[in-house]
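Participant: The chain contents come next:
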Amino acid sequence: MPSPSGIITLTSDFGSQDYYVSAMKAVILGISPDVRLVDISHGLPPQDIMAGAWVLKNTAFLYPPGTIHLAVIDPGVGSSRRPVLVQVRDQLFVGPNNGLFSLVVESQEHRVFELSSKRFWREVVSPTFHGRDIFAPVAAWLSRGEAPEQFGRELKELTTYRWAKPIADEEGVQGWVMHIDRYGNLITNIPESFIRKYEGHSAFKIYVGNTILKHISVSFSEVPDGEAVALIGSSGMLEIAINKGNAEHMLGVEKGAPVSLVIQKSVS
Amino acid sequence: MPSPSGIITLTSDFGSQDYYVSAMKAVILGISPDVRLVDISHGLPPQDIMAGAWVLKNTAFLYPPGTIHLAVIDPGVGSSRRPVLVQVRDQLFVGPNNGLFSLVVESQEHRVFELSSKRFWREVVSPTFHGRDIFAPVAAWLSRGEAPEQFGRELKELTTYRWAKPIADEEGVQGWVMHIDRYGNLITNIPESFIRKYEGHSAFKIYVGNTILKHISVSFSEVPDGEAVALIGSSGMLEIAINKGNAEHMLGVEKGAPVSLVIQKSVS
Amino acid sequence: MPSPSGIITLTSDFGSQDYYVSAMKAVILGISPDVRLVDISHGLPPQDIMAGAWVLKNTAFLYPPGTIHLAVIDPGVGSSRRPVLVQVRDQLFVGPNNGLFSLVVESQEHRVFELSSKRFWREVVSPTFHGRDIFAPVAAWLSRGEAPEQFGRELKELTTYRWAKPIADEEGVQGWVMHIDRYGNLITNIPESFIRKYEGHSAFKIYVGNTILKHISVSFSEVPDGEAVALIGSSGMLEIAINKGNAEHMLGVEKGAPVSLVIQKSVS
Chain A
19 MPSPSGIITL TSDFGSQDYY VSAMKAVILG ISPDVRLVDI SHGLPPQDIM
69 AGAWVLKNTA FLYPPGTIHL AVIDPGVGSS RRPVLVQVRD QLFVGPNNGL
119 FSLVVESQEH RVFELSSKRF WREVVSPTFH GRDIFAPVAA WLSRGEAPEQ
169 FGRELKELTT YRWAKPIADE EGVQGWVMHI DRYGNLITNI PESFIRKYEG
219 HSAFKIYVGN TILKHISVSF SEVPDGEAVA LIGSSGMLEI AINKGNAEHM
269 LGVEKGAPVS LVIQKSVS
Chain G
19 MPSPSGIITL TSDFGSQDYY VSAMKAVILG ISPDVRLVDI SHGLPPQDIM
69 AGAWVLKNTA FLYPPGTIHL AVIDPGVGSS RRPVLVQVRD QLFVGPNNGL
119 FSLVVESQEH RVFELSSKRF WREVVSPTFH GRDIFAPVAA WLSRGEAPEQ
169 FGRELKELTT YRWAKPIADE EGVQGWVMHI DRYGNLITNI PESFIRKYEG
219 HSAFKIYVGN TILKHISVSF SEVPDGEAVA LIGSSGMLEI AINKGNAEHM
269 LGVEKGAPVS LVIQKSVS
Chain U
19 MPSPSGIITL TSDFGSQDYY VSAMKAVILG ISPDVRLVDI SHGLPPQDIM
69 AGAWVLKNTA FLYPPGTIHL AVIDPGVGSS RRPVLVQVRD QLFVGPNNGL
119 FSLVVESQEH RVFELSSKRF WREVVSPTFH GRDIFAPVAA WLSRGEAPEQ
169 FGRELKELTT YRWAKPIADE EGVQGWVMHI DRYGNLITNI PESFIRKYEG
219 HSAFKIYVGN TILKHISVSF SEVPDGEAVA LIGSSGMLEI AINKGNAEHM
269 LGVEKGAPVS LVIQKSVS
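Top line first, the protein sequences correspond to chains A, G and U.
Quick note on this note's numbering: the first sequence kicks off at 19 and runs consecutively.
Quick note on this note's numbering: the second sequence kicks off at 19 and runs consecutively.
Quick note on this note's numbering: the third sequence kicks off at 19 and runs consecutively.
Since the hints were made in silico from the structure, they are not lab data.
Bear in mind that the values here come from a model prediction, so they are computed numbers and not experimental data.
Among the hints, erroneous ones may be present.
Copies of one chain are not kept apart here, so a pair can be met inside one copy or by any two copies together.
[What the hints assert, rightly or not] Calculated lysine-lysine pairs in the DSS-like style (CA-CA distance at most 27 Å, straight line):
# : residue 1 : residue 2
1 : Lys273    : Lys262
2 : Lys183    : Lys262
3 : Lys283    : Lys223
4 : Lys273    : Lys223
5 : Lys183    : Lys75
Taking the hints into account, I'd like the entire structure generated from these sequences.
Facilitator: This is how it looks when you write it as structure tokens:
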């Protein structure tokens, strides 16, 4: 593990109208006054562990080695789910063991430690706010160079969700809309590598809602304003968008909707 | 008063779609280039002084000694309300004298100074944006070590609201919902100390909307998913929540609604 | 050009529920670990270039000399619009050449450079996220002191929109609502200088929606709570507001609505 980068990122579903994010920052600064705090997102849908996992996956590994990612989407706070520290590649993650780290550990070697050593916690721990009382101080102590092993025993397994993977065969792929961003772009769970396999074929169709698309474009602007376009988005996934428009609203498609790519057999 | 911590926090109802927060930060950085800026919240409901008072109370004292809290919820900007600086315990608060600091001074010794010394203001002061032109530069100069006495004369009294306190007698407590957070948790104005007095009793009932609760739980997860639970929240107040759900929506209760705890007399 | 202030500001329409802002920050910190990041706004309406131009104009020049402003509202990402760097007074702007910098260059000498030197880009550039792959690394390298000339050839012209200017003659001014802030204040495109010309006149009327106002006030509180008021706002523009209320909702006026000031001829 590299030495700390001096950066702690924060990810939560706490929103911006409450004192919860600030309470975590205050606790961190009391312990580690020189650390740099970077908000990843606090506007994730309440209790949406999958959205948190998605955001972490797409941004955590862009940070300098030795960065600590504090992530709190924690509908089971105070229940039997354990607080954990996860080491993946050159990054550290601190938060609840509830699936939030499913995507950052995917296909990656990782180590997991239970946060059981109370000397890194706040003296009084609220059963409803481990973000302030356990995760924030642990992240702060990590940023001061404490080794992961100090925080508790190593666990064999991390809780991970296997969110539905796309199903692929020689006739095509069946996936679904995993995320809709602020522009209404429909981001699927179908990675670029799946799509590339079908590019040699004479023709294929992509079905989403009532819309059929026949090409994978490179950028939004390849189609006229207001028209639907399929492309590989900046997260490396198949994405359905409207050039200068909102695909969620204009195509009437919701998170979770099926998206399929079907190969057109030549009639020869 | 301890020396400055090097931190200025910012709290406002300015939202995130305007230039107002940035204007305050730019002014601060022009005066005090090395200070650390931490946002507490800018998503408070427009002109909701009570919400600001609540957020400050729950987070300000977690910061290192000598932290400066710039707080601007200021519906009376440009009227006769005075700009002030308030010293409470080891923290400093800067903002309008309109009740915003009611809860941070509650039961605390404090000193109040009027911000009248114009050499700490911007040269031109807009009558509608004291945040940028008075409060931000004052906070910046404070962070550089100027003594509170330099900013203006000491005032005998701070404007404070006495938001309705719960009423308690031997039969129970009558309070109300003071805040609803992003999860829909109903946070009351009934502090833990009030509740503890009734715990020896054989039985009590908590009434909120059309719901009756008979226990104070420790965490959300003590009840099944989707059921209502009463507990002491992370702010030390009685809170009504739904495990993995939204109490505001599911119980149909709004901010300001009454909450009462009534002791059940034994029939013996 | 002054040496870098050590500050990079960020402005976008990325919102707070995605990883886009964080991805830009991570890339910057990987290149320029000591730079200070200040968010101007990420809550601008999706693809609203005018809103971005307005926010930049009102806040950029408050920052210390040598500050770099990274601004990404980029509906044409991946199309033929060029990535640019703009030098205005003592500030630098980085973003798409799509009109976003129209208001910061207004009546100001400025220089424009095309961002064509790929050694300052990320190795792989997504056609849909130049914020992460071109603009963020360029801003980071600028903050390390690279000269604007290093990034590409100088362009003769910047793309600017000439958003409708108010029309003025001896009978009055015809303008429109250019921006509505979080409080519902209606900010017009009529600058203070236009208004001052008419102040000598015995009387004038300001028409907005179904409301007529006869005075320019100094602050909101000059009228009773709940009444409409016209004043010069903190941005130096004519503004229509409701004292402690929301003019957008109470007057039923939308962005783009006409606002006119008409001089009342004396009957003598």
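Participant: Now tell me if each hint is right for this structure.
Facilitator: Against the structure, the hints:
no. : hint            : verdict
1   : Lys273 / Lys262 : both (20 Å within a copy, 20 Å between copies)
2   : Lys183 / Lys262 : between (29 Å within a copy, 26 Å between copies)
3   : Lys283 / Lys223 : within (11 Å within a copy, 69 Å between copies)
4   : Lys273 / Lys223 : within (21 Å within a copy, 41 Å between copies)
5   : Lys183 / Lys75  : within (16 Å within a copy, 46 Å between copies)
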